[in-house]
Amino acid sequence: MDYLTKLESKSIYIIREAYYRFKRIAMLWSVGKDSTTLLWLCRKAFFGNIPFPIIHIDTSYKFPEMYQFRDERVKQWNLKLIIGRNEEKLREGMGPDQGSKLECCNELKTNALKLVIKKYKLKAILLGIRRDEHGIRAKERYFSPRDSQFKWDYENQPAELWDQYQSMVEEDEHFRIHPILHFTELDVWNYIKREKLPIVSLYFSKKGKRFRSIGCVPCCSPIDSNAQTIDQIIEEIRTTKTSERSGRAQDKENIYTMQKLRALGYM
Amino acid sequence: MKYSLKNIKKALIIGLDGVPYSLLNYYFKKDYLPNLKKILKDGFSLHPMNASIPDVSSVSWTSFITGVNPGEHGIYGFTELLKDTYSLYFPNAENRAASPFWEILGKTHQKVSTLSQKYDKKINFPYRSIIFNVPQTYPAYPINGILVSGFVAIDLKKAVYPDSIYSYLNSINYIIDIEADNAKEDMNKFINNIFKCFEIRKKAISYFFENKPWDIFFACITETDRLHHFFFDASMNEDHPYHQKFLNFYILLDNWIKLLYEDFQKKFSEKGLFVILSDHGFCSVKKEVYINRFLEEEGFLKLRKEGEFYERIDHETKAFTLDPCRIYIHNKSYPRGQISKEEMSSLISELKNNLNKLKGENGEEVIDKIFEKQEIYQGPYIDMAPDLVCLPKDGYDLKGSLDKKCVFGTNRFAGMHTWHDAFCILPENIGLPEKPSIENISDFIMQFFSKLE
Chain A
1 MDYLTKLESK
11 SIYIIREAYY
21 RFKRIAMLWS
31 VGKDSTTLLW
41 LCRKAFFGNI
51 PFPIIHIDTS
61 YKFPEMYQFR
71 DERVKQWNLK
81 LIIGRNEEKL
91 REGMGPDQGS
101 KLECCNELKT
111 NALKLVIKKY
121 KLKAILLGIR
131 RDEHGIRAKE
141 RYFSPRDSQF
151 KWDYENQPAE
161 LWDQYQSMVE
171 EDEHFRIHPI
181 LHFTELDVWN
191 YIKREKLPIV
201 SLYFSKKGKR
211 FRSIGCVPCC
221 SPIDSNAQTI
231 DQIIEEIRTT
241 KTSERSGRAQ
251 DKENIYTMQK
261 LRALGYM
Chain B
1 MKYSLKNIKK
11 ALIIGLDGVP
21 YSLLNYYFKK
31 DYLPNLKKIL
41 KDGFSLHPMN
51 ASIPDVSSVS
61 WTSFITGVNP
71 GEHGIYGFTE
81 LLKDTYSLYF
91 PNAENRAASP
101 FWEILGKTHQ
111 KVSTLSQKYD
121 KKINFPYRSI
131 IFNVPQTYPA
141 YPINGILVSG
151 FVAIDLKKAV
161 YPDSIYSYLN
171 SINYIIDIEA
181 DNAKEDMNKF
191 INNIFKCFEI
201 RKKAISYFFE
211 NKPWDIFFAC
221 ITETDRLHHF
231 FFDASMNEDH
241 PYHQKFLNFY
251 ILLDNWIKLL
261 YEDFQKKFSE
271 KGLFVILSDH
281 GFCSVKKEVY
291 INRFLEEEGF
301 LKLRKEGEFY
311 ERIDHETKAF
321 TLDPCRIYIH
331 NKSYPRGQIS
341 KEEMSSLISE
351 LKNNLNKLKG
361 ENGEEVIDKI
371 FEKQEIYQGP
381 YIDMAPDLVC
391 LPKDGYDLKG
401 SLDKKCVFGT
411 NRFAGMHTWH
421 DAFCILPENI
431 GLPEKPSIEN
441 ISDFIMQFFS
451 KLE
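One line per chain: the protein sequences are A and B, in this order.
The numbers in the numbering used here rise by one with no breaks, and the one at position 12 of the first sequence is 12.
The numbers in the numbering used here rise by one with no breaks, and the one at position 170 of the second sequence is 170.
Keep in mind the hints are simulated off the structure, nothing from the lab.
Worth double-checking, as some hints may not be accurate.
[Stated by the list, open to error] Label pairs and their calculated CB-CB ranges:
| # | chain 1 | residue 1 | chain 2 | residue 2 | range |
| --- | --- | --- | --- | --- | --- |
| 1 | B | 299 | A | 193 | 14 to 22 Å |
| 2 | B | 182 | A | 3 | 48 to 56 Å |
| 3 | A | 208 | B | 332 | 16 to 24 Å |
| 4 | A | 195 | B | 308 | 29 to 37 Å |
| 5 | B | 243 | A | 119 | 51 to 59 Å |
| 6 | B | 315 | A | 3 | 48 to 56 Å |
| 7 | A | 206 | B | 343 | 17 to 25 Å |
| 8 | A | 208 | B | 338 | 13 to 21 Å |
| 9 | A | 197 | B | 192 | 51 to 59 Å |
| 10 | B | 308 | A | 48 | 37 to 45 Å |
[Claimed, not checked] Non-contacting residues of chain A with respect to chain B, defined by C-beta distances greater than 10 Å in every case (computed):
| # | residue |
| --- | --- |
| 11 | 17 |
| 12 | 110 |
| 13 | 120 |
Please read all numbers here as calculations on a predicted model, not as lab measurements.
All C-beta atoms in this analysis are idealised placements derived from N, C-alpha and C, irrespective of residue type, glycine included.
Generate coordinates for the entire structure from the input sequences, incorporating the hints supplied.
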């Protein structure tokens, strides 16, 4: 089996296993390249008909290209889409300029997802996070339980054996499942290339700039790049020294650190 | 190895963030700190002390706990750029390259340093530590004892070792730090919060002091630094509306130190080492000085509009500053850097010249000292050191902000850090120089524990 097929099989196995264990499951789709790859793998796992809903957390600050891409794929792939919005906070005018970026992320992303989980009584969420994405994610496991406060309850973390976690889910806890944890950024692009996966146009260079990581408009900045094709992106990532999320502001702990330092006159 | 349980030595170390030598002296003269004065008569001496360079808490406390300079421990500030990029990150305990003294004393040290090499073989017992609220020890990691991280700790669950400590701290609603941002809104409420935070910190300290076994107990008080940042102008000015409150804080502090000291004496009588120290001094601010703006005006720095923070550095940039005044030459190792090795030394002298000409109110000098990195740093991490570091004259607070329109400005802060005015209190006659540097102190702690009975 070639390398990409091995990665693919492992992911599909986890997705199928997760669905078998938790019927009340959904997949979180940010419309970015990683979760679109995960979405593709879910389609493959169930032969084109994904049996669970796909959640898109809509902060209302996403790029127009992302909304368009989302709606096209929903139609094309016949997805059961749940749009999660924290309507109450949006009505109150929550945004990156209202309060802090951290608060904005917390309300419009984390709490919006909490609302969806509660409303649909979900027990597990599939996420497209990767181990190489971020330092703090290096400790993540394929299955990681969150408590009702959404904190990663690492003390209550079951061993990573399919048959041992089942009885350990507390009433209001949900599992986070990471089927593409073993993919690297480069693997994702190579897989996108092999599968000819459609991808949001923001990833390709326009006027010497492209987005390497996408999210909300106010918190993403493009990188200098002339990569206009997937091959060129692969070449760029192979040779780059900068980190993937360097164009993104919303790493929570960093934002909070920044706030604390600024409050004391640093930065 | 055989361990003798007899004659186990004990140490109590109190860290007071940002307390200046000159203020303590002034308060002694005014007789505001009777308890501390009495302790000094018990065989201790008060010394003025130099902080680390730069004089920020993350660097200074790291220099204290490791006993080495930033060239060896690798912490140069609260902020840093990823190697050869413009991406900002916040160094934490994981970035520290030298072992703190409690790891050497606990026989758990992982990283070799000058201090560990000197004392590793001389410690004949694995001493157990409680390390409480020391800045730049986040995220918490396993030690021989208990660790509760201090500033800039974000998530309390990740700020404790072992995990079981969390439930106690959570049960008393422990707070890592006050929200300094609240000072913007209500100064009265803010200062009351400083007192509240101090109470809860004392409560937690007493709990660990009384209930958990330890050989070294090291606790830091952060509230002094916070009080000084916002109210330092009230410290000696009797007409200041917050003068009495400021003083009340010091009176509480004086009482607390007395109680802790007496407990320590009662428990361990002869065998104890008692140390108090600060990590830097404080003085009143006249003006904030935005060095990046100065570099822009002098043609050394060019910023683009797009990007965040240092990603805005343009290819024409020759030098830029990170807080508080760490100046880096934009050399060819940066993606857009143009300065070659040959151009470095003339650029450095040009920068020094221009910085020395910077004048404040009434033509006062702003820059007191400028150091090139090889003058002040030694060790394997000198490559990541700033090319120049400036220390200001008292009153001119140097800042690395990137978005300022003028070189001079004012802010809501009343106090600023000083390098030359930290303090330490140690036993008399131990051969401490009249004015030590903060990185010299842990050597005396190690000496105390390494001497054979």
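Quick rundown of the hints versus the structure:
Taking the beta carbon of each, residue 299 of chain B and residue 193 of chain A are about 46 Å apart, not inside 14 to 22 Å as hinted. Residue 182 of chain B and residue 3 of chain A have their C-beta atoms about 53 Å apart, which keeps the hinted 48 to 56 Å range intact. Take residue 208 of chain A and residue 332 of chain B: their Cβ atoms lie about 21 Å apart, and the range 16 to 24 Å holds. Range check, residue 195 of chain A to residue 308 of chain B: about 33 Å between beta-carbon atoms, so the 29 to 37 Å window is met.
In this structure the hint that residue 243 of chain B and residue 119 of chain A lie 51 to 59 Å apart at CB holds, the actual value being about 56 Å. About 39 Å separates the C-beta atoms of residue 315 of chain B and residue 3 of chain A, a value inconsistent with the hinted range of 48 to 56 Å. Range check, residue 206 of chain A to residue 343 of chain B: about 36 Å between beta-carbon atoms, so the 17 to 25 Å window is missed. Between residue 208 of chain A and residue 338 of chain B the Cβ separation comes to about 19 Å, which falls inside the hinted range of 13 to 21 Å.
Taken as a hint, the range 51 to 59 Å holds for the pair residue 197 of chain A and residue 192 of chain B, whose Cβ atoms sit roughly 57 Å apart. Restraint check, residue 308 of chain B to residue 48 of chain A: a C-beta distance of roughly 41 Å satisfies the suggested window 37 to 45 Å. No beta-carbon of chain B is positioned within 10 Å of the beta-carbon of residue 17 of chain A; the least distance is around 29 Å. With a closest Cβ-Cβ approach of about 14 Å to chain B, residue 110 of chain A is found to remain outside the 10 Å limit, as its non-interface label requires.
Against chain B, the non-interface label of residue 120 of chain A holds: every CB pair exceeds 10 Å, the least being about 28 Å.
In this structure, the earlier hints numbered 1, 6, 7 are contradicted, and the remaining ones agree with it.
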